[in-house]
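Novice: This is what each chain is made of:
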Amino acid sequence: MTTKLRIERVTKRFPASAARGRGAASVDALTGVSLHVEEHEFVTLLGPSGCGKSTVCNIVAGLVPADEGTVTIDGTPLGATGSRVAYMQQKDLLLPWRTVVDNAALGLEVQGVDRAEAREEALGWLRTFGLEGFERAYPATLSGGMRQRVALVRTLLCRRDLLVLDEPFGALDAMTRSTMQDYLLRLREEFGRTVLFITHDVEEAVLLSDRVYVMTARPGRVRAEQAVPLERPRRPTDAGVVERKAQILAWLQPELLEASR
Amino acid sequence: MSTVDHHALPAAEERPAGTARWADRWTRWAGRAGPPAALLLVVLALWEWAVRAFGVPFYILPAPSRIAGVVIADHAMLLADAGVTLQEVFAGFAVAFVVGIGLALAIFSSRTVERAVYPLIIASQTVPVFAIAPLLIVWFGYGMASKVVMAALIVFFPIVVNTVDGLRAADPDMVNLLRILGARPRQILTKIRIPAALPFVFSGTRIAVATSVIGAVIGEWVGAARGLGFTMIHANAQLHVDVVFAAIVYLSVMALGLFVAVSAAEWLALPWRRAAGPGSR
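Those protein sequence lines, which keep their order, are chains H and U.
Here my numbering is used: the first residue of the first sequence is 1, the next is one more, and so on.
Here my numbering is used: the first residue of the second sequence is 1, the next is one more, and so on.
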């Protein structure tokens, strides 16, 4: 197995913003975060809100630079070559003026693929995702779950084999969320993409991942690592799942207290 | 590629909304248009009655029926005048639109331009444009040019300000999304900024189009040989108040028509706003 993504001792500090008032100290978002994701692996980064999970994502996506430390994808350091991951957030970020199919094809279009060809490819995927009949609809007419599925298709379609998913299902209701999790797992099995998944939901982490990193409250760093070598599909009531949830929660408890202070 | 089991996938949860029946739409429209139309009729009836009951002479206040008579009888002259005014409005509007959008893009893309130009544009709004109308006549003559400049000056501001606001309104997360997908700055402009700005451009245009008529008319008041504004001043001097009112009717219909035309263009150009349904503005 080769390492897809390696993050080593990454530190990020945000300057005091005007919003926090004059004289406010700068904020340490991340202090020495190290983790790695092997090829075809599903790794989850779990932590209390405000612990810097999203900052890790933004650094991996190339949106913000790390202050210290290194990030390598496929052995090449993250540099000025632009973003090399497929990125998805909690907000679906569908462009309201584009139809479902044109939203799904956005990544291909930006990469210079012919528009008709991009649409053709998107249409096939939308059918796979149960969005048949909605190809020409505008996002405003879709439910939250459908919108997020379109966003997932757009993410998958941008032809990058490392997916960075930043709480992609965080805004969905429990039923829709569990359906989306099924989709994600099935897709991963089929296409063998590598996934770095962010969540603050312990159960979601254990149900989906091969490995889970638990982060501390701010300033964020990795506190523990939990492998989840269980067969899929997993159910929340499986003994192995329950046991690992308990272990992770035991690590998280003090951090949650810290975060709520 | 789609070996994923179809039947295990959840069915679509909802149908797209916003496909109301035409009959429903008509009923809703009538419900909204009815009350103001009724009120207008009541006012006109009261006006008619008052003029007759108190014997108000037509050179002070003509009755609506008399104005309607002039609107019909003098339609050849008034339509010709309206054509002149409309041309001035169109030309002024076109100039302001092209220059305004161009300047808005420059203000948006360059900090320097923004810092130097934007405050001046805002400050220029304290100068009453109508006060410089006589100057414009001196500079651009009695012909169409002075009215075109007048209309353009008035329309310019709402277009620039709204377009700049619109270009800035794009969701920064969407811009980041495009960056991650590897978009070049030009793609970010055409795929995100400009589509996001369009609703703002249209609302600026809707404001501007009505005021552009005012600009052209003021220009004609100050000095002209043709146009509805010219006819109004001329008729007023001769106490043909009914002709003045008839000209106002033509002007109102013109402004209303322009407003409707812009709204229709918006309806056609932004289908996704319709999809969002009522209350999404």
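The reader is advised that the hints may include incorrect statements.
Covered stretches of chain H (chain U as the covering partner; in silico rule of three or more C-beta atoms under 8 Å from a C-beta of chain U) [said to hold, decoys possible]:
no.: 1; region: 54 to 63
no.: 2; region: 225 to 232
Computed spacing ranges between beta-carbons, pair by pair [as the list claims (entries may be wrong)]:
no.: 3; chain 1: H; residue 1: 28; chain 2: U; residue 2: 116; range: 54 to 62 Å
no.: 4; chain 1: U; residue 1: 126; chain 2: H; residue 2: 76; range: 54 to 62 Å
no.: 5; chain 1: H; residue 1: 16; chain 2: U; residue 2: 112; range: 51 to 59 Å
Worth flagging that the hints you see were computed from the coordinates, not collected in a lab.
If you're wondering where the values come from, they're calculated on a predicted model, not measured in any experiment.
For every residue, glycine included, the Cβ atom is placed at its ideal position computed from N, Cα and C.
Novice: Has the hinted range 54 to 62 Å been met by the Cβ atoms of residue 28/H and residue 116/U?
Specialist: violated (39 Å)
Novice: Three or more residues of the region 54 to 63 of chain H near chain U by CB distance under 8 Å?
Specialist: With 3 residues in contact (Cβ-Cβ under 8 Å with chain U), the coverage given for the region 54 to 63 of chain H holds.
Novice: Do the Cβ positions of residue 16/H and residue 112/U conform to the proposed distance bound of 51 to 59 Å?
Specialist: Given a distance of about 28 Å, which is not inside 51 to 59 Å, the answer is violated.
Novice: May I ask you to test the hint 54 to 62 Å on the CB atoms belonging to residue 126/U and residue 76/H?
Specialist: holds (57 Å)
Novice: For the region 225 to 232 of chain H, does the count of residues with a C-beta closer than 8 Å to a C-beta of chain U reach 3?
Specialist: Our answer is that it is violated, as 0 residues pass the Cβ test (under 8 Å) against chain U, missing three.
Checked against the numbered hints above, the structure violates hints 2, 3 and 5; every other hint is satisfied.
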